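Residue numbers (the UniProt record's numbering): 1 to 525.
Worth flagging that the hints you see were computed from the coordinates, not collected in a lab. Errors might be hidden in some of the hints.
Said to hold, decoys possible - Heads up, simulated DSSO-like pairs for lysine-lysine below, C-alpha to C-alpha not over 27 Å straight-line:
#1 K343 x K391
#2 K234 x K348
#3 K262 x K234
#4 K343 x K262
#5 K337 x K262
#6 K126 x K136
Stated by the list, open to error - Pairwise CB distance ranges, derived in the manner of DEER restraints:
#7 E176 x G66: 14 to 24 Å
#8 P334 x H273: 27 to 37 Å
#9 E358 x S284: 24 to 34 Å
#10 I440 x R328: 57 to 67 Å
#11 I434 x M340: 14 to 24 Å
#12 D230 x Q81: 52 to 62 Å
Just so you know, these numbers come straight off a predicted model, no measurement behind them. Note that beta-carbon positions come from the ideal geometry of N, C-alpha and C, so glycine has one too.
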Amino acid sequence: MSIRCDLRFTFTAGAGADAFEVVEFHLVESLSETFHLDVQLSCANPAVDFGQILNRPALLTIWQGGQPVRYVHGSVTSFQQGNTGFRRTRYRAIVEPRLARLQLASDWRIFQALSVPDIATAVLKKHAITLDYEQKVTNPHAPREYCVQAGGTDYHFVERIMREEGFFYGFLHNAEGHRLIHCDRLWIFGKQPGLPVEYNPQAGGDRPGPALRSFTYGENVRTARQTQRDYNFKNPLYNQQTKRAGEGEGEEIYCDEFGRVKVQFPWDREGRHDEHSSCWIRVSQKIAGALWGHMAIPRIGQEVIISNFDGDPDQPVITGRSFNANQRPPYELPRHKTRMPLKSQTHKGEGFNELRFEDEAGQEEILIHAQEDQNNIVNHDETTFVGHDRKEQVEHDEIIDIGHDRTETVGNDEQVTIGQDRRHDIDRNDYLTIERNHTITTGKTAPNRWATTAATRPPPTNGWRLAGTWSNGWRAMRCWKRASQLSSARALSSYRLVKSSACTAPAEPSRCTTEASHWRGSPSP
Numbered sequence: 001m002s003i004r005c006d007l008r009f010t011f012t013a014g015a016g017a018d019a020f021e022v023v024e025f026h027l028v029e030s031l032s033e034t035f036h037l038d039v040q041l042s043c044a045n046p047a048v049d050f051g052q053i054l055n056r057p058a059l060l061t062i063w064q065g066g067q068p069v070r071y072v073h074g075s076v077t078s079f080q081q082g083n084t085g086f087r088r089t090r091y092r093a094i095v096e097p098r099l100a101r102l103q104l105a106s107d108w109r110i111f112q113a114l115s116v117p118d119i120a121t122a123v124l125k126k127h128a129i130t131l132d133y134e135q136k137v138t139n140p141h142a143p144r145e146y147c148v149q150a151g152g153t154d155y156h157f158v159e160r161i162m163r164e165e166g167f168f169y170g171f172l173h174n175a176e177g178h179r180l181i182h183c184d185r186l187w188i189f190g191k192q193p194g195l196p197v198e199y200n201p202q203a204g205g206d207r208p209g210p211a212l213r214s215f216t217y218g219e220n221v222r223t224a225r226q227t228q229r230d231y232n233f234k235n236p237l238y239n240q241q242t243k244r245a246g247e248g249e250g251e252e253i254y255c256d257e258f259g260r261v262k263v264q265f266p267w268d269r270e271g272r273h274d275e276h277s278s279c280w281i282r283v284s285q286k287i288a289g290a291l292w293g294h295m296a297i298p299r300i301g302q303e304v305i306i307s308n309f310d311g312d313p314d315q316p317v318i319t320g321r322s323f324n325a326n327q328r329p330p331y332e333l334p335r336h337k338t339r340m341p342l343k344s345q346t347h348k349g350e351g352f353n354e355l356r357f358e359d360e361a362g363q364e365e366i367l368i369h370a371q372e373d374q375n376n377i378v379n380h381d382e383t384t385f386v387g388h389d390r391k392e393q394v395e396h397d398e399i400i401d402i403g404h405d406r407t408e409t410v411g412n413d414e415q416v417t418i419g420q421d422r423r424h425d426i427d428r429n430d431y432l433t434i435e436r437n438h439t440i441t442t443g444k445t446a447p448n449r450w451a452t453t454a455a456t457r458p459p460p461t462n463g464w465r466l467a468g469t470w471s472n473g474w475r476a477m478r479c480w481k482r483a484s485q486l487s488s489a490r491a492l493s494s495y496r497l498v499k500s501s502a503c504t505a506p507a508e509p510s511r512c513t514t515e516a517s518h519w520r521g522s523p524s525p
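Produce the entire structure from the sequences given, and follow the hints as far as they go.
Encoded structure:
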């Protein structure tokens, strides 16, 4: 004889205008998962308003002995109408927690300097769940410097980061609602109230109280230990280098004929930091053409960024490089944040080559530094414009070879200082035009050196002109002989003169050898 059960079930949804009777229900719930209540209903109203039921609060109450012993509260996420009989119509409702609605929302956003519990609170606040939400935290959780929700649903994002920090969640139900609780310790929920549940493996029959009809016990193999090798660029492995087999110590560039290199991945626990740590990996360059382009081979110890073709880890490629605590930027930052350098380092040395741009307002500059030689090749024209001063310093020799003409124009003064000798070799003519004075000063007296200027030119004497003075007191005769007569005694005229280059004494003008010369000036009276 079966025992009569005093359990009964009620279901209310929406405003509660329609009375539903529970025909059957199936409830699935577990830790760290949203519960799922599938309830079969019947109602005398064959035209229930779905708008009053769907996405509205619903409550399933389990009664025993006239007292409620269990509540299941949630929101109706699905509602269906079935067949209509003589007096009643069948309905089906799916009830889930409000947390399940986060599966319908996705986003792209960044969280900075927030702990995981704070991030979860911010996401849940967006869905107005914070009033029925509680966190029971027993351990400190460090803020994350940078955390990204990359297009995933809000539900899976919160679940992922909370599980990474060791959180689990569950729900507490009452007649007024349900409460989401995140915990980082299992004992927080404590021992659940109620008597032990009877285990009745026999099929069929009624029991006076709740009973288990099926129970399964099992054991599984699980991970017993984990090794974390998260990489932090502020604290990289010191001197993480590889060397080529057979090479001596200190090698810093290791590549093949295609410019490929080998790397040591920080997650590779079996890598020995040698040439067998990876395959040859191609390096993305700024420009790559047939025997032309850009080439900068990563050196051992540099940090590189690796991507995979089509997500295949067997086809890695180096797509970038980055600085870290061991590989610092060329200049102190943010002090020199306006500098844009292209700076290399001498192979197995301390020197460097550099092309640097300074963009600070009022201090704009382009700097070129060559550690040894610098060669510039211009196949056609070269034009240089300097808006202000220009200074050029050569510590050793300078050689300028000009294949054709050279024109040099100085708008004001020109000063040339030569520490030792100067020599000019001219294959043909030399023309020098001086509008005013011309002074030559020598450190030693030279008897054969003489000079004359327009201001000190003496008048002609019997067709001859005296000029210059010997250092020993002799008057040197500069023999000028008129080749044409004055057309006017005081008018400017041209003279074609015959000059002597070897006047030995004033009294011996006949011994002067002559050669042609020109002079333009005022004639003597």
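Hint by hint, here is what the structure shows:
At roughly 24 Å between alpha-carbon atoms, K343 and K391 fall within 27 Å of each other, so this suggested pair holds. About 26 Å separates the Cα atoms of K234 and K348, which keeps this hinted pair within 27 Å; it holds. Proximity of K262 to K234 is assessed by CA-CA distance (about 23 Å); at most 27 Å being required, the pair is judged to hold. Pair hint K343 plus K262 holds up; C-alpha atoms about 23 Å apart against a cutoff of 27 Å.
Distance check on the hinted pair: K337 and K262 sit about 32 Å apart at the alpha-carbon level, beyond 27 Å; violated. As the CA atoms of K126 and K136 are separated by approximately 20 Å, the hinted pair is consistent with the 27 Å bound. With their beta carbons about 20 Å apart, E176 and G66 fall inside the hinted range of 14 to 24 Å. Roughly 33 Å separates the CB atoms of P334 and H273, a value that falls within the hinted 27 to 37 Å.
For E358 and S284, the hinted distance range of 24 to 34 Å is satisfied, since their beta carbons lie about 28 Å from each other. Hint check: I440 to R328, Cβ distance near 60 Å, so the stated range 57 to 67 Å holds. One distance hint, 14 to 24 Å for the beta-carbon pair I434 and M340, is violated here, with the actual separation near 50 Å. In this structure the hint that D230 and Q81 lie 52 to 62 Å apart at CB holds, the actual value being about 53 Å.
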